[in-house]
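Engineer: Sequence:
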Amino acid sequence: MSDRDHGFHRRYETDPPRYDHYNQQSPSDIQYKEREAYLMTISPRSQGTGSTTIDDDDSPSVRHSVEVHPQYRGFKALYYHPVIQVFFLGFVCFMGPGLFNALNGLGGGGMLDSTTSANANSALYATFAVAAFFAGSINNVLGSRLTLQIGTTGYALYIGSYLAYNLHRKIGAFVIAAGAYLGISAGLLWTAQGSLMLAYPTEDQKGKFIGIFWSIFNLGGVVGAAVSFGNNFDNTTDSVSNGTYIGFIVLTGIGVLIPLLMANPAKMIRSDGTRVVTPRHPSWKSELFGLYLTLRTDPWIVLLFPMFFASNWFYTWQFNDYNGAIFTIRARALNNLIYWLSQIVGSVSIGFLLDQRGLSRRLRAFAGWSILIVMVFIVHTWAYFYQKGYTRDHIPHKIDIHEGEYVSRLWLYIFCGLLDSMWQTTAYWFMGAMSNDPAKLANFSGFYKSLQSAGAAGIWRGDAVKLPYMNIFISTWVLLVAGLIFALPMIHMRVKDTTEEADETLCVFFICLSAPNLPPATCVAVAVVSFCILRCASLGLRDAWLSSVAICA
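The sequence shown runs contiguously to residue 553 in full-length UniProt numbering.
By construction, these hints were calculated from the structure, which means they are not laboratory data.
Ideal placement from N, C-alpha and C gives every residue a C-beta, glycine not left out.
A hint or two may mislead.
What the hints assert, rightly or not - Mimicking DSS-like on lysine-lysine, the simulated pairs with C-alpha atoms at most 30 Å apart in a straight line are: (1) 208 / 170; (2) 388 / 267; (3) 398 / 466; (4) 208 / 388; (5) 170 / 466; (6) 388 / 398; (7) 398 / 170; (8) 76 / 170; (9) 388 / 76.
Claimed, not checked - Now the in silico label distances, taken between C-beta atoms and shown as ranges: (10) 271 / 381: 41 to 47 Å; (11) 78 / 277: 20 to 26 Å; (12) 470 / 411: 19 to 25 Å.
Given these sequences and hints, build the entire structure.
Structural biologist: Structure representation (C-alpha cells):
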C-alpha cells in the first residue's frame with residue numbers, strides 16, 4: 001500500500017475484517033454516520049494534507065474514486081456550508097417568485113378584472129417555456145450565480161406593471177410585455193436554482209435540501225400574503241391597494257442583490273467531504289447537443305414530461321376560478337396566507353419521507369408516488385362538490401371570512417397547498433434520483449420548467465378567453481392523474497438505491513470540451529468508445545458489454 005497524491009488510496013477489500021460488511025451489504029443498509037466515521041479514519045494524514053482518495057463502493061457493481069476534502073473552519077465553515085447556501089438560494093426565490101406567487105394567489109393578481117392578469121400570465125409562461133428549454137445551456141455557460149441574478153430582474157418589473165395598470169387602465173399591453181420578459185428571466189432563475197439545489201446535497205440529503213428550499217421559498221408567499229391581508233383587511237373594493245404593489249416592488253428589488261452574496265459552488269464542500277461539482281462550460285454547440293444527448297442517454301425522463309406539464313396547471317383553477325371567483329378580497333388575502341403556510345408543511349413532510357434512510361430509495365419513491373395519487377383524488381373529489389355550485393356566469397355571492405361556509409372551503413384550499421408543494425418537491429426528487437451530474441440536472445430542470453410553463457401558458461389563456469370553470473377543473477384533475485400514471489414506469493425502471501456517478505454524459509462533454517470543432521458524429525463515436533472503456537474499468541468486461549449495448553441501443 002503506497003501513498004498517492006499526499007493521501008492514501010486503498011480498496012475496502014484490503015481493509016481489516018471488521019469493514020468487510022461494506023462489500024456485503026446494499027448501500028441502503030449502511031448508516032451514514034458509520035460510513036462517515038470510517039472515511040475519517042482511513043488516513044490520519046488526510047486532515048492536514050488536503051484530501052483523501054479512496055475507492056468507494058456505492059453500488060454492488062460499480063466502484064469509483066471519491067476524493068474527500070477537509071472541512072473549512074471558522075467563518076468559512078459557516079459561509080461555505082451547503083445548508084447556508086440553500087438558505088441564500090431560498091431567499092432569492094422568497095423575494096422573487098415567492099412574492100409573485102403571493103400576488104398571483106389573490107386571484108387575478110389582485111386586479112378588479114382578471115382578464116389582463118390572465119393574458120400576462122399566458123405571455124409569461126409562453127416565453128418561459130422557450131427560455132427554460134435552453135436555460136440549462138445558458139446556465140452552464142454563464143455560471144449558476146450570474147444566471148440566477150439575471151433571473152431575478154423580471155419580478156420587480158412585472159409587479160411594477162400591475163401598479164402602473166392600477167394608475168392608468170389603458171396600458172394593458174405593458175403588463176403583457178412585462179409578463180413576457182418575466183418569462184425569460186424566470187426561465188433562467190429556475191434552471192439555475194434547480195442545478196444548485198440538486199448539486200449542493202449528498203446522496204441521502206436531497207429530499208431534506210429540497211424541503212428546506214421549498215419552505216423558505218413558500219415563506220415568501222406567506223409574508224407577501226400577510227402584507228396583502230394587512231393592507232386590505234378593511235378594503236371594500238374587489239382589488240388590492242397601491243401600497244401592496246409598492247411594498248412588493250421594494251422586496252423584489254432586494255432579491256436582485258442576494259445572488260451577489262452567495263458562495264462560488266466550486267469552493268464548497270459537502271458534509272461527506274466531497275466537493276460540490278460545478279457545471280462544465282463547453283461551447284454553445286456542444287451544449288445544444290447536450291440537450292439532445294440528455295434525452296438520448298436518459299430517455300426515461302420523457303415519462304416525467306406529463307408530470308412536468310401538469311405541475312402548474314392547477315394554479316389557474318385554484319387562484320382565479322376558486323379563490324378569485326367566490327371570495328371577497330379580504331377572504332382571498334387570508335386564504336392566500338394560509339395556502340402558502342400549508343405549502344411549507346407539505347414540502348417539509350414529503351421531504352422528510354423521501355429522505356428516510358431506514359427505507360430503500362425505491363420504496364421511498366413508490367411511497368411518494370402513492371401519497372400524491374391519494375392527495376389528487378381527495379382534493380379534487382372534495383372540490384368537485386363545490387365547483388358544481390357556481391359557474392363563470394353565475395356566482396351566488398362572495399364569501400367573507402365571517403360566514404359559516406367559509407371554514408370548509410378554506411380547508412379545501414389548505415389541501416390544495418399541501419398537494420402543490422408535495423408535487424413540486426417529489427418531481428425534483430425524482431430528477432435528483434436519476435443523476436448526480438450538475439450539467440444533466442440543469443437540463444432536467446430546463447425540461448421541467450419548460451413543460452411546466454407550456455402547460456401553464458395554455459390554461460391561463462383558456463381562463464382569459466373565459467372557458468367554463470368546470471372545464472378547467474376537470475382538465476386539472478385528469479392531467480394530474482395522467483402525470484402520475486406515466487411516471488410510474490420510470491420509477492420502476494430508473495430509480496435505484498444509489499445514483500451511478502459513472503455518467504455517460506461525462507464522456508461526451510469531455511470530448512466536446514477538449515475538441516469543440518469535432519463533428520457531432522465523431523464526438524458521439526469517440527464518446528461511446530470512451531464510455532465502454534470506463535464501464536469496463538468499473539464493471540468488468542461482461543457487465544460493461546451488456547451495459548454499453550443497452551445504452552447504445
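Engineer: Work down the list of hints and note, for each, if the structure agrees.
Structural biologist: To see whether the hints hold, each was checked on the structure:
no.: 1; hint: 208 / 170; verdict: violated, 47 Å
no.: 2; hint: 388 / 267; verdict: violated, 56 Å
no.: 3; hint: 398 / 466; verdict: holds, 19 Å
no.: 4; hint: 208 / 388; verdict: violated, 39 Å
no.: 5; hint: 170 / 466; verdict: holds, 21 Å
no.: 6; hint: 388 / 398; verdict: holds, 16 Å
no.: 7; hint: 398 / 170; verdict: holds, 28 Å
no.: 8; hint: 76 / 170; verdict: violated, 53 Å
no.: 9; hint: 388 / 76; verdict: violated, 58 Å
no.: 10; hint: 271 / 381: 41 to 47 Å; verdict: holds, 42 Å
no.: 11; hint: 78 / 277: 20 to 26 Å; verdict: holds, 22 Å
no.: 12; hint: 470 / 411: 19 to 25 Å; verdict: holds, 21 Å
The structure fails to meet hints 1, 2, 4, 8, 9 from the earlier list, while all remaining hints are met.
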